[in-house]
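Asks: Take a look at the letters that make up each chain.
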Amino acid sequence: MSNLIKTAEELLQNKKVNLVIGYEKGTGSKTRPVFIRKTEEASKLVFDPEMSQNLAVYLLRPEVKKAGKTAFVATVPALRSMLQLASECQIKDRDLIAIYVKDDQNTLLFEDFKSVETFLETASTGFKPEEQELLSKLLAMSTQERFSFWTTEFEKCIKCYACRAACPMCYCHRCTTECNQPQWIAPASHPLGVLEWHLMRAMHLTGRCVNCGECATACPVGIPLNLLTYSMMESMEAEFGTKPGMKADTKYALSVYKPEDKESFIL
Amino acid sequence: MAMEIERKIYKNSSPDAIVERLLKAGKKVTAPVRSGKTVDFREIKSPSEIEYKTLTTIQSAKKVAFPKVDRVVEFEVLKNSVNTLEIDFEAYPEQVLFGARPCDAAGFVPLHAIFNWDYADQFFLKRYEKTAIISFACSTADEYCFCTSVGGNPGNTEGSDIQITRTGNDQFLVEIITPKGKAVSALFDDLLVPETEKTEKEKFLSDVPGAFDFDKVYNKLSSIFENPVWEEQASRCLGCGACAFVCPACACFDFQDEKSLKKGSRLKLWDSCGFSGFTIHTSGHNPRESQGDRWRQRVMHKFSYMPHRLQVRGCTGCGRCSRACPVDMNIKEHISQIESL
Numbered sequence: 018m019s020n021l022i023k024t025a026e027e028l029l030q031n032k033k034v035n036l037v038i039g040y041e042k043g044t045g046s047k048t049r050p051v052f053i054r055k056t057e058e059a060s061k062l063v064f065d066p067e068m069s070q071n072l073a074v075y076l077l078r079p080e081v082k083k084a085g086k087t088a089f090v091a092t093v094p095a096l097r098s099m100l101q102l103a104s105e106c107q108i109k110d111r112d113l114i115a116i117y118v119k120d121d122q123n124t125l126l127f128e129d130f131k132s133v134e135t136f137l138e139t140a141s142t143g144f145k146p147e148e149q150e151l152l153s154k155l156l157a158m159s160t161q162e163r164f165s166f167w168t169t170e171f172e173k174c175i176k177c178y179a180c181r182a183a184c185p186m187c188y189c190h191r192c193t194t195e196c197n198q199p200q201w202i203a204p205a206s207h208p209l210g211v212l213e214w215h216l217m218r219a220m221h222l223t224g225r226c227v228n229c230g231e232c233a234t235a236c237p238v239g240i241p242l243n244l245l246t247y248s249m250m251e252s253m254e255a256e257f258g259t260k261p262g263m264k265a266d267t268k269y270a271l272s273v274y275k276p277e278d279k280e281s282f283i284l
Numbered sequence: 002m003a004m005e006i007e008r009k010i011y012k013n014s015s016p017d018a019i020v021e022r023l024l025k026a027g028k029k030v031t032a033p034v035r036s037g038k039t040v041d042f043r044e045i046k047s048p049s050e051i052e053y054k055t056l057t058t059i060q061s062a063k064k065v066a067f068p069k070v071d072r073v074v075e076f077e078v079l080k081n082s083v084n085t086l087e088i089d090f091e092a093y094p095e096q097v098l099f100g101a102r103p104c105d106a107a108g109f110v111p112l113h114a115i116f117n118w119d120y121a122d123q124f125f126l127k128r129y130e131k132t133a134i135i136s137f138a139c140s141t142a143d144e145y146c147f148c149t150s151v152g153g154n155p156g157n158t159e160g161s162d163i164q165i166t167r168t169g170n171d172q173f174l175v176e177i178i179t180p181k182g183k184a185v186s187a188l189f190d191d192l193l194v195p196e197t198e199k200t201e202k203e204k205f206l207s208d209v210p211g212a213f214d215f216d217k218v219y220n221k222l223s224s225i226f227e228n229p230v231w232e233e234q235a236s237r238c239l240g241c242g243a244c245a246f247v248c249p250a251c252a253c254f255d256f257q258d259e260k261s262l263k264k265g266s267r268l269k270l271w272d273s274c275g276f277s278g279f280t281i282h283t284s285g286h287n288p289r290e291s292q293g294d295r296w297r298q299r300v301m302h303k304f305s306y307m308p309h310r311l312q313v314r315g316c317t318g319c320g321r322c323s324r325a326c327p328v329d330m331n332i333k334e335h336i337s338q339i340e341s342l
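Protein chains in written order, with this note's numbering: chain A, 18 to 284; chain B, 2 to 342.
Hints listed in this document are in silico derivations from the structure and should not be mistaken for laboratory results.
For each residue, glycine too, the CB sits at the ideal point set by N, CA and C.
One or more hints might be untrue.
[Stated by the list, open to error] Once the Cα atoms are required to be at most 27 Å apart in a straight line, the calculated DSS-like pairs of lysine-lysine come out as:
(1) K25(B) to K127(B)
(2) K47(A) to K28(B)
(3) K131(A) to K119(A)
(4) K47(A) to K54(B)
(5) K131(B) to K46(B)
(6) K154(A) to K131(A)
(7) K173(A) to K131(B)
(8) K183(B) to K173(A)
(9) K119(A) to K33(A)
(10) K61(A) to K47(A)
(11) K38(B) to K42(A)
(12) K131(B) to K183(B)
(13) K173(A) to K217(B)
(14) K12(B) to K38(B)
(15) K33(A) to K86(A)
(16) K55(A) to K23(A)
(17) K173(A) to K47(A)
(18) K264(A) to K145(A)
(19) K173(A) to K29(B)
(20) K64(B) to K12(B)
(21) K46(B) to K28(B)
(22) K38(B) to K145(A)
(23) K64(B) to K173(A)
(24) K80(B) to K127(B)
(25) K69(B) to K54(B)
(26) K29(B) to K80(B)
(27) K183(B) to K83(A)
(28) K173(A) to K260(B)
(29) K82(A) to K275(A)
(30) K38(B) to K154(A)
(31) K173(A) to K28(B)
(32) K38(B) to K173(A)
(33) K29(B) to K69(B)
(34) K173(A) to K54(B)
[To be verified] Quick partial rundown of chain B residues pointing at chain A, CB under 8 Å, derived from the structure:
(35) G37
(36) C253
(37) Q257
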C-alpha cells in the first residue's frame, strides 16, 4: 500500500479531515480527480506526477467548503495556488491540509501556510521542456510574428471556457465575459471575441497566475494558453518584485500602492 | 429520400482525385486537417491538406450546418425606425463535408430533428440542404468509441449521402446512399467502376464492442431523476462546455446582439447546459443549481428526452466528449454505471 493511501486513511479515520481530494485511476491511461469521504474509499488513491491536475481548482467549491476540514493532494503548482488563494482571502490558514507526494513511500503533510512557504523556497517552479522550447521560440519572434502565432492559435478557440473552468484563480462568481450591461467582451467566438476573451483573462491573471498550465492542458483544441500569461508574470516580478503563490500574505501589486513603485513603464 | 444504395468501386490509392473534382466544381469542401498535434475539420483548397489517418477529429463536423457563430439578422437604426436586413440564404455555400466518420454523419440526424421540431430553423436547414456528406467507414476504433451501443456501427450509413470504405491498398467501396449523394457523385462518376463482385464491407470495418443496452438505459432514466448518482458522477466536473461544443448532437445555442450606435447584428452562438449560467434566472435563482443537476440534464436530454420526444438518440457514440474532457468525465463509463443501477 502506498504511503499516500495510508496518510489519507489516517486523516479520515482520526477525523482530522472530512474530505480528501486526490487522484484515482481514470479510463484508459488517464488519472482524474476523486473526492474521498470514507476511510475505506482511500484505497482508490493513486499518484502520477506526469498527469496530475491542479486540484486547488476545487478548494472554493460550495460542497468542499461545506465538507469542513479538507485535505488535498497537492503538486508544487497546487501549493502555490493555495497560497495565492490565501493571499486573496479565499481560504483560511489551518482549514486545509495539503498532502505532497514525494514518492511512493514518502508524503509530506502541510497543515499551515507557513510550512508551505518554507517548502516552496527550495521547490522548482519552472516550465516543462516542451513548453520552454515553444516559449523560447515565441520570445525570439518579432511582435508581428508573435501576433500572427496567436491569431492562428485563437482561430481554433470555441469558447468552451475549459481554460477558465480548470483555473484555480478563475473563481469569480460572475466572470467579466458574462457581464452584458454593458457588454465588455464580445461573447461570440469570432476572432475579435476570442482575442478579447484571452486578453482579458491574461490581464486578470497578471501577477496571480502560478503557471500550473491547467488552462493549456484543459483546452480541447490545444491552445498553449499558459504561455500567454508568462511574460505578464515576468514583468510583475521585474517591476514589483512579487511572485504569486509564494507567500500567503502577498499584497497584490496591482491593488496596493507603494511610494517606491516604479512608474517608468507608464506612458 | 429513400433510395436503394448504389455500390461502386473506386480504384486508386487515395481518394484525392474525388476531392479534386469537388473543388473543381466549386464546392466548398470541409475535411479533417492537421494543425500541430490536433486534427479538426477545416475548409480545404487542395486534397493534400487532408489528414486521412486520424480516427476522429477533436470537434464534430456540426459546424458545416451549425457554425459556432451564425449571423441571423442584421439591423440598422434609422432616424425614426429600425431597418432589418434578412440573411440571404442563397449566399450559403454549396458544400461537401468530406471524410467525416459515420458517428459524425449520424449526428446530423438528431440535429435535423431538433432544428425542425417546434420551429423550422432556416439557418440550420438551408445550410444542411446545401451540404452533401461523404463519410469514411472506420477501420480502427479506440477505447472511447461506443457507436454500437447507440444504434450505430463503424459502417453505419445513416446521415451520410455517400460512404467510402477502404477495401484494399488501391481500392475503395463507394456507397451512394441518397439522391443528394447521387447528384454529387455525378462529379466523379467516371472515376468509379461497377461492383462486379459483392464486397464484404464488414470485413473491412473495426470492431466496436457494445458498452451498454440503449433501451435499458432509456427505461432506467425514467425512474432515477432523484438519485445520488448525478452528484457523484459530476463531483469532479469543472462545468466547462468542452463536451457540448465537440459533440455532434448538441444543439443548444444562445442569441447575442452585437451592436455599435447605429447598426448591429444578432448572432446565434453555441451554448452548453454544463455552464452554471445556462439556466440562471434574472432573479438570481438557478433551477439547475449544482453541477450534478446540470450533468443529469445532459444525460437525460441525450438518452431520454430526445428519444422520447423526437424519436432520435442524442448521442452517436463518437466519444469526443470523453476525449475532450479535462477531468475524464467518460460518457461510456458513466452510462454503463447508470445502466447497472
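Asks: Output the numbers, in ascending order, of every earlier hint that fails for this structure.
Replies: 2, 6, 8, 13, 14, 20, 24, 26, 27, 29, 36
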